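Here's the letter readout for the chains.
Protein chains: 2
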Amino acid sequence: MSGREEPDDELLGRVFLSRVVEPGDEVAGRWVREYGVGEVVRRLREGAEPLPGVSYKRWDGLRARAVRAEPGRDLAVALETGVRFLCPGDVEWPGQLDDLGDARPVGLWVRGRASLRMWALRSVAVVGARACTEYGAHMAATLAGGLAERGWVVVSGGAYGVDGAAHRGALGTGGATVAVLACGVDRPYPRGHTQLINRIAEQGLVIGELPPGDHPTPSRFIVRNRVIAALTRGTVVVEAALRSGSLVTARAAQRLGRHTMGVPGPATSGLSAGVHELLRGDAVLVTDAAEVVELVGDMGELAPERRGPVLPRDLLEPGARRVLAALPGRREARAEEVARGAQTTEDDAIARLYELRSLGYVERHGDGWKLTRQAMISVRAGRSGC
Amino acid sequence: MSGREEPDDELLGRVFLSRVVEPGDEVAGRWVREYGVGEVVRRLREGAEPLPGVSYKRWDGLRARAVRAEPGRDLAVALETGVRFLCPGDVEWPGQLDDLGDARPVGLWVRGRASLRMWALRSVAVVGARACTEYGAHMAATLAGGLAERGWVVVSGGAYGVDGAAHRGALGTGGATVAVLACGVDRPYPRGHTQLINRIAEQGLVIGELPPGDHPTPSRFIVRNRVIAALTRGTVVVEAALRSGSLVTARAAQRLGRHTMGVPGPATSGLSAGVHELLRGDAVLVTDAAEVVELVGDMGELAPERRGPVLPRDLLEPGARRVLAALPGRREARAEEVARGAQTTEDDAIARLYELRSLGYVERHGDGWKLTRQAMISVRAGRSGC
Numbered sequence: 001m002s003g004r005e006e007p008d009d010e011l012l013g014r015v016f017l018s019r020v021v022e023p024g025d026e027v028a029g030r031w032v033r034e035y036g037v038g039e040v041v042r043r044l045r046e047g048a049e050p051l052p053g054v055s056y057k058r059w060d061g062l063r064a065r066a067v068r069a070e071p072g073r074d075l076a077v078a079l080e081t082g083v084r085f086l087c088p089g090d091v092e093w094p095g096q097l098d099d100l101g102d103a104r105p106v107g108l109w110v111r112g113r114a115s116l117r118m119w120a121l122r123s124v125a126v127v128g129a130r131a132c133t134e135y136g137a138h139m140a141a142t143l144a145g146g147l148a149e150r151g152w153v154v155v156s157g158g159a160y161g162v163d164g165a166a167h168r169g170a171l172g173t174g175g176a177t178v179a180v181l182a183c184g185v186d187r188p189y190p191r192g193h194t195q196l197i198n199r200i201a202e203q204g205l206v207i208g209e210l211p212p213g214d215h216p217t218p219s220r221f222i223v224r225n226r227v228i229a230a231l232t233r234g235t236v237v238v239e240a241a242l243r244s245g246s247l248v249t250a251r252a253a254q255r256l257g258r259h260t261m262g263v264p265g266p267a268t269s270g271l272s273a274g275v276h277e278l279l280r281g282d283a284v285l286v287t288d289a290a291e292v293v294e295l296v297g298d299m300g301e302l303a304p305e306r307r308g309p310v311l312p313r314d315l316l317e318p319g320a321r322r323v324l325a326a327l328p329g330r331r332e333a334r335a336e337e338v339a340r341g342a343q344t345t346e347d348d349a350i351a352r353l354y355e356l357r358s359l360g361y362v363e364r365h366g367d368g369w370k371l372t373r374q375a376m377i378s379v380r381a382g383r384s385g386c
Numbered sequence: 387m388s389g390r391e392e393p394d395d396e397l398l399g400r401v402f403l404s405r406v407v408e409p410g411d412e413v414a415g416r417w418v419r420e421y422g423v424g425e426v427v428r429r430l431r432e433g434a435e436p437l438p439g440v441s442y443k444r445w446d447g448l449r450a451r452a453v454r455a456e457p458g459r460d461l462a463v464a465l466e467t468g469v470r471f472l473c474p475g476d477v478e479w480p481g482q483l484d485d486l487g488d489a490r491p492v493g494l495w496v497r498g499r500a501s502l503r504m505w506a507l508r509s510v511a512v513v514g515a516r517a518c519t520e521y522g523a524h525m526a527a528t529l530a531g532g533l534a535e536r537g538w539v540v541v542s543g544g545a546y547g548v549d550g551a552a553h554r555g556a557l558g559t560g561g562a563t564v565a566v567l568a569c570g571v572d573r574p575y576p577r578g579h580t581q582l583i584n585r586i587a588e589q590g591l592v593i594g595e596l597p598p599g600d601h602p603t604p605s606r607f608i609v610r611n612r613v614i615a616a617l618t619r620g621t622v623v624v625e626a627a628l629r630s631g632s633l634v635t636a637r638a639a640q641r642l643g644r645h646t647m648g649v650p651g652p653a654t655s656g657l658s659a660g661v662h663e664l665l666r667g668d669a670v671l672v673t674d675a676a677e678v679v680e681l682v683g684d685m686g687e688l689a690p691e692r693r694g695p696v697l698p699r700d701l702l703e704p705g706a707r708r709v710l711a712a713l714p715g716r717r718e719a720r721a722e723e724v725a726r727g728a729q730t731t732e733d734d735a736i737a738r739l740y741e742l743r744s745l746g747y748v749e750r751h752g753d754g755w756k757l758t759r760q761a762m763i764s765v766r767a768g769r770s771g772c
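Quick note, the sequences are listed as chains A and B, same order. The first sequence begins at 1 in my numbering and counts up one residue at a time. The second sequence begins at 387 in my numbering and counts up one residue at a time.
Chain A extracted, bound-state conformation (with noise of 0.2 Å):
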């Protein structure tokens, strides 16, 4: 609801869907695109003839939840929790959700301070079993810290094992980090995980389809899977056994043209060999977080340096550009040491930091963070008035 004073009709039809209709409903995401927010909203809640393409029995379900929807309520109460909603168009909108067509998120549910938008254009997906070894662990925290090193945003899906150790590894080392969970992202889910999700909501973002209060379903841990993947310029599977749901992550980061990368392991382990399936297919092998940059960095990675920063000074959000201008002139300062500058909380600090690095300001190198030359270029030319 970024900007806006009163909740209008598109936003308050888009909370009542986002109770109604299922994550990921293509039915219903044309539905949408035919006949409009507002029309689709009147139909389910007047309950005339179905809308097409469902059964009586599935429209009769539909319009059983919609009776109990109360969506002024759910943003009231969300907004007092301090979750804010996206619909799609909005300014922290990530523009590259819309790259699933129908199955597009109705709208988004989101914990945390930092721009959902900037931090998805430089963000990689790290996903893979619950039941890992030490192995998987240790692989997928130490990934996530040097993606996090090198400015980039882990995305994951909070569940146990490897999702767990990328958040905790992107956390560790002062990163950023989007968990992306199947149910309300006020509950967090699994319950083991309260206490780092909670974390995660203050470093980095909490976000999901469902509602607050919503409760997660097996559908709706792999319908979530397709968020990851269009969220993130490429998924990293670290391990996965055969049939796990992480290649279903894989699989569509493949289709939406996205990179697809595993993280090699023992042929004699089960738990690697859903990943060596992927490696035999068309996904690219990877054992560092460097190799990961190389791939998902390729041109997009070097040309906001070269081009200078995308957005003009001008037009940063205020904390944004408090934390751009106490950066130092030449040398690094590690998050903590910008926050003071920038009379902030260092978890602040961080999220517009990784902002500031989407936009091609800065840039992160192990602990420091530091002007790029561009941005020198073009701090010097506003502070001089040319």
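It should be emphasised that the hints constitute simulated quantities derived from the structure, not laboratory data. Since the structure is predicted, the reported quantities are computational estimates derived from the model, not experimental observations. Keep in mind that a hint or two might mislead.
Taking beta-carbon pairs under 10 Å as the criterion, some of the chain B residues facing chain A (in silico) [claimed, not checked]:
no.	residue
1	L465
2	T467
3	P650
4	A659
5	R666
Some chain B residues judged to face chain A by a derived CB distance under 7 Å, without partners named [unchecked claim]:
no.	residue
6	Y521
7	P652
8	L671
Just so you know, even glycine gets a beta-carbon here, dropped at the ideal spot from N, CA and C.
Keeping the supplied structure of chain A fixed, place chain B upon it in accordance with the hints.
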């Protein structure tokens, strides 16, 4: 010298060259192609003007070796100790070595009873690090055993580590294996593999470019690898550090248009780093023998069965005919049983069975050998005099 009574000039000339010229010397290979063996031998013996492409110093080195060379004696000693010498074009010469162009061996010294040409038709190289891990040794032995059980011949370099495990894996399942040495075939190297290499000469083949008694050098190991690559339909690298000699074999295989495969391992293992580098290029990831055969077998794998045996039964060597006759009509038999029926040793039966496998007469499933469907038709036709 198969099929010859008296050593002819070409044969003696090539024995001479195998003593005088280093393996893989492309300049000498060009001389042979342009002037013929006889003329090159004459020039080296008579020490006239150097042939083109070498310095006086190098020519003098070759001359010094030429003076000491005694090809007649070399050949006599070899034959006494059960070693034969193959020339390009001989019945037993594996034609695929011709792909090496001017780097083709001038000839090959061979210990063992099987036909190198037949065996090489359906062979795969399994190579890797000398200082391999237990995982590497396990994978090499398992792959080699699985290849042997599918009727494939396992080629390797006789070294410690992966090579030795591959040979043992093939031998252990009553399989066919070829050791390509970088020294005289009568001079097992490494010394700790004397027993293994002698056993390979009994049940399989020990081959090399160097004449009896000659010793290995670092460069001979490297140039030996091109023979392993050229002889086989594909090369599997099991474990290899970056800059390992096995990668030379793999890259030679790639250049020669053979299949190149790698067995993945933990991304944290330096002994898998070289393999992973290959797999990030054009090599195919394999985790078991079935995947190797799927690749190297492709159409060629099925063709003989469909077309029927490639050599008419009457043209088989008497030993192979006896082994073929000893196979039961419909059920499978172990090599031991076939050997009894053919009144020969088990080692000899194994040699013939893998030859017959290459010709499309028989196939192996686990421990059992049986006639192919096409062979049954042809055998019945032969018996009934049609």
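Hints, verified against the model:
1. L465: Violated, about 44 Å.
2. T467: 40 Å, violated
3. P650: Since chain A brings a Cβ to about 3 Å from P650 (chain B), closer than 10 Å, the hint holds.
4. A659: 7 Å, holds
5. R666: 5 Å, holds
6. Y521: OK, holds: Y521 (chain B) within 7 Å of chain A, min 6 Å.
7. P652: 6 Å, holds
8. L671: Status holds, d = 5 Å.
Hint compliance for this structure: hints 1, 2 are broken, all remaining hints hold.
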